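Asks: Given the sequences, and given the hints that come with them, work out the whole structure.
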Amino acid sequence: MKISRQCLKYISHISINRSWRNFSSVSSEFCGRRMYSDHLKRTASNTRHEVVSGATVVKVEDESPTVKKLTLKVHDRRLFFKAGQWVDMVIPDVAKVGGFSMCSSPRQLVQDGLLDLAVKRSDHPPALWVHTQCRVDMEVSIRSGGDTFYDPKPDDPSSDLLLIAGGIGINPLYSILCHVTDLLGSKGDKLETNGGNSAGADNSVYTPGRVCLLYSASTEEELIFQKQLSEAADQFPGIECQYFVTRKHTESTSPHVKNHRINPEDIQDSLKKLRKGKTLVYICGPSPMIETMETILLNSGIDPRQILYEKWW
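Under UniProt numbering, think of the first position of the sequence shown as 1, with each following residue one higher.
If you're looking for bench data, these hints aren't it; they were derived computationally from the structure. Keep in mind the model is a prediction, meaning the values are calculated, not measured. Virtual Cβ for every residue (Gly too), placed ideally from N, Cα, C. Don't take every hint at face value.
[Unchecked claim] EDC-like, lysine to aspartate or glutamate: derived pairs with alpha carbons at most 20 Å apart:
| id | residue 1 | residue 2 |
| --- | --- | --- |
| 1 | 278 | 151 |
| 2 | 68 | 139 |
| 3 | 73 | 62 |
| 4 | 82 | 137 |
| 5 | 82 | 182 |
| 6 | 73 | 137 |
| 7 | 59 | 76 |
[To be verified] Across the chosen pairs, the derived CB separations fall in these ranges:
| id | residue 1 | residue 2 | range |
| --- | --- | --- | --- |
| 8 | 139 | 263 | 42 to 50 Å |
| 9 | 221 | 156 | 33 to 41 Å |
| 10 | 139 | 268 | 43 to 51 Å |
| 11 | 300 | 76 | 39 to 47 Å |
| 12 | 107 | 139 | 23 to 31 Å |
| 13 | 218 | 112 | 41 to 49 Å |
| 14 | 298 | 75 | 39 to 47 Å |
| 15 | 237 | 298 | 43 to 51 Å |
| 16 | 240 | 298 | 18 to 26 Å |
| 17 | 54 | 298 | 41 to 49 Å |
| 18 | 204 | 249 | 27 to 35 Å |
| 19 | 237 | 137 | 40 to 48 Å |
| 20 | 221 | 60 | 17 to 25 Å |
Replies: Okay, structure coming up:
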């Protein structure tokens with residue numbers, strides 16, 4: 001089976017825009033079942049990296065009843081991505097190009113040549129292929145891109161992070177949190193909790209500030225990566241994760257999961273733990289959720305320039 005030359009040409013020649021804020025369209029499968037659009041058209045103005053690489057599926061796992069995780073072995077080691085970005089994915093014999101956010105750290109790709117994608121089931125052809133046809137040893141072609149990401153440099157001032165995820169929107173935020181833990185691992189075993197100061201630390205590596213994650217899903221079994229997130233919070237005292245389930249009549253038995261949508265009180269409680277004026281907020285989820293969260297944040301005094309989001313369509 002061969003990758004469509006037309007699709008590869010489209011990826012290779014798609015226009016580039018170097019903007020940094022509010023990249024507001026990503027994967028067509030984020031639209032759910034009611035609205036589909038062409039991923040390439042939606043993201044035509046977004047930055048894309050130059051390298052188009054083949055990749056082999058080396059693992060397929062069920063993350064939840066509706067989400068499958070793929071691990072890809074990337075053939076061209078020049079391909080890279082920044083935490084929070086996505087890939088165009090060209091699939092043999094599938095006319096549509098998929099767009100999927102990475103749910104792994106950039107370091108994993110650099111060190112092992114692997115990247116992970118978690119895909120929500122839908123009727124959109126690329127997502128449907130992942131759930132019904134994708135098998136180990138199959139090959140695809142990928143290219144990374146996106147204008148909202150977390151990529152601090154060693155000499156950047158330390159910033160706190162508030163991450164707000166809805167459903168499969170956890171993907172890019174989980175990638176960001178994985179990058180944070182990689183940075184913390186490079187600095188030592190524990191997060192600096194004294195306002196981001198890094199006295200005595202390795203100054204060749206950026207020192208992250210505190211991180212608060214608010215993560216909601218319809219049911220507890222759809223809270224993918226919950227185990228890994230909780231382990232990160234246990235390992236690094238400056239990381240805190242809160243979970244929410246939104247479906248009515250769904251009661252969680254876990255003391256760490258709240259049975260309501262993320263509300264203003266939840267956000268304000270998190271903001272109290274973070275440094276005012278030195279906090280970046282990343283949001284990923286359905287459009288109505290993003291709009292609600294942004295309104296709450298603005299009403300809480302957050303500078304709109306500190307709010308970055310990935311909007312579903």
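Asks: Evaluate each hint against the coordinates.
Replies: Right, here's what the structure says about each hint:
In summary, the hint linking residue 278 to residue 151 is supported, as the alpha carbons are separated by about 16 Å, within the 20 Å threshold. Of the supplied pair hints, the one linking residue 68 and residue 139 holds, its CA atoms being roughly 17 Å apart against a limit of 20 Å. Annotation: proposed proximity of residue 73 to residue 62 holds, straight-line Cα distance about 18 Å (limit 20 Å). The suggested pairing of residue 82 with residue 137 is violated, with an alpha-carbon distance near 26 Å, which exceeds 20 Å.
Straight-line distance between C-alpha atoms of residue 82 and residue 182 comes to about 13 Å, which keeps the hinted pair within the 20 Å bound. Only pairs whose Cα atoms come within 20 Å are accepted, and residue 73 paired with residue 137 is accepted, the gap being roughly 10 Å. Between residue 59 and residue 76 the alpha-carbon distance is near 18 Å, which keeps this suggested pair within the 20 Å criterion. Between residue 139 and residue 263 the Cβ separation comes to about 45 Å, which falls inside the hinted range of 42 to 50 Å.
For residue 221 and residue 156, the Cβ-Cβ distance of about 38 Å falls inside the hinted range of 33 to 41 Å, so the restraint holds. Restraint check, residue 139 to residue 268: a C-beta distance of roughly 48 Å satisfies the suggested window 43 to 51 Å. For residue 300 and residue 76, the hinted distance range of 39 to 47 Å is satisfied, since their beta carbons lie about 44 Å from each other. Between residue 107 and residue 139 the C-beta distance comes to about 24 Å, which sits within the given range of 23 to 31 Å.
For residue 218 and residue 112, the hinted distance range of 41 to 49 Å is not satisfied, since their beta carbons lie about 33 Å from each other. Between residue 298 and residue 75 the CB atoms are about 44 Å apart, so this pair conforms to the stated range of 39 to 47 Å. Between residue 237 and residue 298 the beta carbons are some 30 Å apart, a value that contradicts the proposed interval 43 to 51 Å. Distance hint for residue 240 and residue 298: a CB-CB separation of about 23 Å, consistent with the stated range 18 to 26 Å.
The hinted range of 41 to 49 Å is satisfied by residue 54 and residue 298, whose Cβ atoms lie roughly 44 Å apart. Hint check: residue 204 to residue 249, Cβ distance near 52 Å, so the stated range 27 to 35 Å is violated. Checked against the hint of 40 to 48 Å, the C-beta distance between residue 237 and residue 137 comes to roughly 42 Å, which is consistent with it. In this structure the hint that residue 221 and residue 60 lie 17 to 25 Å apart at CB holds, the actual value being about 19 Å.
Hints 4, 13, 15, 18, counting from the list given before, are not met by this structure.
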